[in-house]
Amino acid sequence: MALKLNTSPCRHKTRQHIGGLAKDISGKLKAANEVEKLNKNARKRITDAKLAKDFQAILNDFQNAQRISAEKEATYAPLLHVQVSSIQETDALQVGGESQERYYLLAQQRRQELIQLENEVVFNEAIIEERDQGIKDIQQQIGEVNEIFKDLAHMVREQGIMIYDIDSSIGNTHSTTTQANVQLVRAANSQKANSSLICWLLVAFGITIIIVVIVLVLVVP
Numbered sequence: 001m002a003l004k005l006n007t008s009p010c011r012h013k014t015r016q017h018i019g020g021l022a023k024d025i026s027g028k029l030k031a032a033n034e035v036e037k038l039n040k041n042a043r044k045r046i047t048d049a050k051l052a053k054d055f056q057a058i059l060n061d062f063q064n065a066q067r068i069s070a071e072k073e074a075t076y077a078p079l080l081h082v083q084v085s086s087i088q089e090t091d092a093l094q095v096g097g098e099s100q101e102r103y104y105l106l107a108q109q110r111r112q113e114l115i116q117l118e119n120e121v122v123f124n125e126a127i128i129e130e131r132d133q134g135i136k137d138i139q140q141q142i143g144e145v146n147e148i149f150k151d152l153a154h155m156v157r158e159q160g161i162m163i164y165d166i167d168s169s170i171g172n173t174h175s176t177t178t179q180a181n182v183q184l185v186r187a188a189n190s191q192k193a194n195s196s197l198i199c200w201l202l203v204a205f206g207i208t209i210i211i212v213v214i215v216l217v218l219v220v221p
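Residues in the sequence shown are numbered from 1 upward in steps of one, following full-length UniProt numbering.
Keep in mind that the hints were calculated from the coordinates and are not lab data. Be careful, since some hints might not be right.
Unchecked claim - Quick list of the computed label-pair ranges, beta carbon to beta carbon:
{"id": "1", "residue 1": "Lys44", "residue 2": "Asn124", "range": "48 to 58 Å"}
{"id": "2", "residue 1": "Glu113", "residue 2": "Ala57", "range": "18 to 28 Å"}
{"id": "3", "residue 1": "Val122", "residue 2": "Ile58", "range": "38 to 48 Å"}
{"id": "4", "residue 1": "Lys53", "residue 2": "Lys13", "range": "24 to 34 Å"}
{"id": "5", "residue 1": "Arg111", "residue 2": "Glu147", "range": "53 to 63 Å"}
{"id": "6", "residue 1": "Gln112", "residue 2": "His17", "range": "41 to 51 Å"}
{"id": "7", "residue 1": "His17", "residue 2": "Glu71", "range": "15 to 25 Å"}
{"id": "8", "residue 1": "Cys10", "residue 2": "Asp54", "range": "54 to 64 Å"}
{"id": "9", "residue 1": "Ala31", "residue 2": "Glu118", "range": "35 to 45 Å"}
{"id": "10", "residue 1": "Asp24", "residue 2": "Ile46", "range": "55 to 65 Å"}
Stated by the list, open to error - Cross-link-like lysine-lysine pairs, in silico, DSSO-like; alpha carbons within 30 Å at most:
{"id": "11", "residue 1": "Lys13", "residue 2": "Lys72"}
{"id": "12", "residue 1": "Lys28", "residue 2": "Lys136"}
{"id": "13", "residue 1": "Lys72", "residue 2": "Lys136"}
{"id": "14", "residue 1": "Lys44", "residue 2": "Lys23"}
{"id": "15", "residue 1": "Lys44", "residue 2": "Lys150"}
{"id": "16", "residue 1": "Lys23", "residue 2": "Lys150"}
{"id": "17", "residue 1": "Lys28", "residue 2": "Lys13"}
{"id": "18", "residue 1": "Lys23", "residue 2": "Lys136"}
Please read these numbers as outputs of a predicted model, since none were measured by experiment. Built from N, CA and C at the ideal position, the CB exists for glycine as well.
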């Protein structure tokens, strides 16, 4: 099953499918980002920013796999030419070394071998051409992924600024709230002190009046 899947058409189809998914997801993230700009839903935008970062990491792994695949394709393709050339040289040496008596029969055999060899050369050239096209497709997809990276980086950068603004606002709000609480505590303490002072003044005033009344009662016959 693994050998059936490890063919050039299957690899090409898989790369195309993954590339299509990457474009689709990137487009949906961009659309969601534009909608959230209008709605100004901070929590949703933070979630979208995290999704964009996770998607960036996945794309990075996919891009690394594409580069490795392109390198393997490029290094494997020239080996087919070397193998075919070595076979041709070996056949030529074998034909030259045969005796005259068996030359006719061997010539027929070599003719069949050369026809088979030519077919193999054509087949190998087709494989090389197919792999070259696969390398071009990979390089094109790497370029497309790079463009998606740029869009995601822009979105993440925008979301990062927004998140920083939210954190800054939360920090400022917390600082303002703390200062307000301190002022309220001071005001409450001041109010309690003023209330206590008024109570003491009233008590002192009441005692003074009582003393004056007592003095008047004692002085007046």
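Original post:
Which hint numbers doesn't this structure obey?
Top reply: 2, 8, 9 and 10
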